[in-house]
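Participant: One-letter residues, chain by chain:
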Amino acid sequence: MRDRYFPYALLVPAFVIVLATTIYPLAYSFITSFREWDLTRQRRPSDFVGFGNYQHAITEAAFQSSLWVTIIFVFTSVLLTLVLAILLSLLLRRQGPLHTFTRIILILPFAMSPALIGVSYRFMFNPEFGVIAVGLGSIFPTLKGIPWLANPNLAMAILVLTDVWHWTPYMTFMCLGGLASIPRETEEAAKIDGASSFRVMWEIVLPQMKGVILITAILKTIFALKMFDQVVTLTGGGPGISTETLAYFVFKVGFKWFDMGYASALAWVLTLIMIFISFWYVRILLNENRAIIK
Amino acid sequence: MKKKLIWAAEHALLVVVSFMIIFPIFWMFLTSLKRPIDAYSITFNFQPTFENFITVFRDPWNLGSMVLNSALVAGITVMIAVPCSSLAAYSFSRFRVKGRKILFFLVLSTQFIPAVVIVLPFFLMFRSLGLLDTRIALIIVNLAIVTPFVIWMIKGFIDALPVDSEEAAMIDGASRLRVIRDIVLPMATPGILTSSIFCFILTWNEFLFSLILTRRNAVTLPVGLVNFRTERGDLWELMSAAGVLITVPIFLMAILIQKHFTRGMTAGAIK
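Protein sequence lines correspond, in order, to chains H and Z. Per numbering that gives the first Met the number 0, residue 0 is the first one in the first sequence, and the count goes up by one each step. Per numbering that gives the first Met the number 0, residue 0 is the first one in the second sequence, and the count goes up by one each step.
These are computed hints drawn from the structure, not numbers from a lab. Heads up, the beta-carbon is just placed ideally off N, CA and C, and yes, glycines get one too. Check each hint, because a few of them may be wrong.
Heads up, simulated SDA-like pairs for lysine to any residue below, C-alpha to C-alpha not over 25 Å straight-line [stated by the list, open to error]:
hint	chain 1	residue 1	chain 2	residue 2
1	Z	K3	H	K251
2	Z	K2	H	K251
3	Z	K1	H	T185
4	H	K251	Z	L123
5	H	K143	Z	K3
6	H	K251	Z	Q110
7	Z	K97	H	I70
Reference excerpt, derived from the structure (chain Z facing chain H, CB under 8 Å, subset only) [said to hold, decoys possible]:
hint	residue
8	L12
9	V15
10	W26
11	L32
12	P35
13	I36
14	Y39
15	L107
16	V247
Here are the simulated distance ranges between beta carbons [said to hold, decoys possible]:
hint	chain 1	residue 1	chain 2	residue 2	range
17	Z	R215	H	V15	40 to 50 Å
18	Z	L255	H	S196	51 to 61 Å
19	Z	L67	H	A26	31 to 41 Å
20	Z	D132	H	D2	39 to 49 Å
21	Z	F49	H	K255	32 to 42 Å
22	H	F74	Z	E230	33 to 43 Å
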């Protein structure tokens, strides 16, 4: 009898934490998203305003801009990270002292605090005494004195760069894990038959990596949508609002304007996007697992 | 000849990659050893000094209290999250509980909720409870991010352990709890340790919660970085010194778990 409830008992502490720290706050902000609650004027939330906050979001230019910024950021950073991670994992698959060394240091960017990464790149791209800005300026005279972070497109490019620098290592590890599970026989056979290494990669190795690549892409998309720290420490959302992502816009509305109702509605828009993508991810993951466990 | 060329190209690429990984980190370490005047010029030729590491601990920067906050918040978060998650992970791994799929789905999905979404309601709750700017508040919100992650990771490690010795002990009449304590725990220790370090790194680097929920008393290191942005401009040499202090303990830990790293992070996703 006791044994029957034992498996459930083990789950209780963790689920108390998960329910209290994620499900409850989500429910709380869901309710708040239908109210008007400006902390600068009201101590308590006012009556329900229906979909007012959501309508506000749809019609506001700043929201549309943040959505657009997010799409551009996610797309470029996922694409770049993925391509680099695949190439790097193919490179690192071989054995050798330099390969081992690179694999070891590969963990460093991932372990580094994203806020600190933002600060470091801000320093290195300072037009007067930033080592990258000045370095590039002395190699390519046309780039001399460019105020990198004051230009909307360049600021976005550097924001993407910090994210790619941070995540490529981890995604490379994932691809390496996927590569390790691919049987080598077909590859060897094709090589013996005289196929070029490029063709072997393109026609034999890459197709077999499809599963890993898909999971990596979805996971990276989720992480890119969550990216926040570097916006604060690198660009501050600027110049203007050109690097304000959706996550940063929620932060701004909530903690600079203190409009809690509106911020909650925006947060839920972001959450719905995430739920949609993670649903997809988890389903793929569970299917893969079933195949492995049997 | 062609083989040699490929070999050279491969190694040249690896050198470039390694350089791109190391350079930003190297530059931060270098800058932390410079006097202010050298920090504002791109030079390798300077008199190194440890002055910055002393300055950051003095008034008005007081990095000491932030180091303490960061260590306490990360440490206590790990001490709560890891035991609770280990039990849940064991249950998920060994029993076919009713509704298991839904529960597991719930755990997996919650880790994808953006931090800014979690922190908004917590800010309102902590405000009415008077818990703003306390370490307790930070620990509670960090648990939200870390717990699902750790359950998922440790489950991966336990899945990989053989069940035989557990079953044998059960047949000999050992209780479930004893089996967990005497058989599972010793075998799962490396995995649990790896997950703990991973969890520590996540919490230690956490920025958004601390930015929103703290003002003076409970500020953690990553948010402390922002303080070096003053009216006199950004104090890069001090920022770099603080950066080094944030980074060094984490790098040591990361290299420690490097081997288990992929397996843990992707636990079960890819084998």
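Participant: Each hint: holds or not?
Facilitator: Structure-based check of all given hints:
1. Z:K3 to H:K251: violated, 56 Å
2. Z:K2 to H:K251: With Cα atoms ~56 Å apart, Z:K2 and H:K251 exceed 25 Å; violated.
3. Z:K1 to H:T185: holds, 23 Å
4. H:K251 to Z:L123: holds, 15 Å
5. H:K143 to Z:K3: violated, 38 Å
6. H:K251 to Z:Q110: holds, 23 Å
7. Z:K97 to H:I70: Outside the cut-off at roughly 39 Å; violated.
8. L12: Status holds, d = 6 Å.
9. V15: violated, 10 Å
10. W26: Holds, because the Cβ-Cβ distance from Z:W26 to chain H comes to roughly 6 Å (cut-off 8 Å).
11. L32: Check failed: Cβ of Z:L32 comes no nearer than 15 Å to chain H, outside 8 Å.
12. P35: Nearest chain H Cβ about 11 Å off; hint violated.
13. I36: Violated. Min distance 11 Å.
14. Y39: Holds: closest Cβ of chain H sits about 5 Å from Z:Y39, inside 8 Å.
15. L107: Where the cut-off is 8 Å and the nearest Cβ of chain H is about 5 Å from Z:L107, the hint holds.
16. V247: violated, 11 Å
17. Z:R215 to H:V15: 40 to 50 Å: 31 Å Cβ-Cβ, so the 40 to 50 Å window is violated.
18. Z:L255 to H:S196: 51 to 61 Å: violated, 36 Å
19. Z:L67 to H:A26: 31 to 41 Å: Once the Cβ atoms are compared, 34 Å apart, the range 31 to 41 Å for H:A26 and Z:L67 holds.
20. Z:D132 to H:D2: 39 to 49 Å: About 46 Å separates the Cβ atoms of Z:D132 and H:D2, which means 39 to 49 Å holds.
21. Z:F49 to H:K255: 32 to 42 Å: holds, 38 Å
22. H:F74 to Z:E230: 33 to 43 Å: holds, 38 Å
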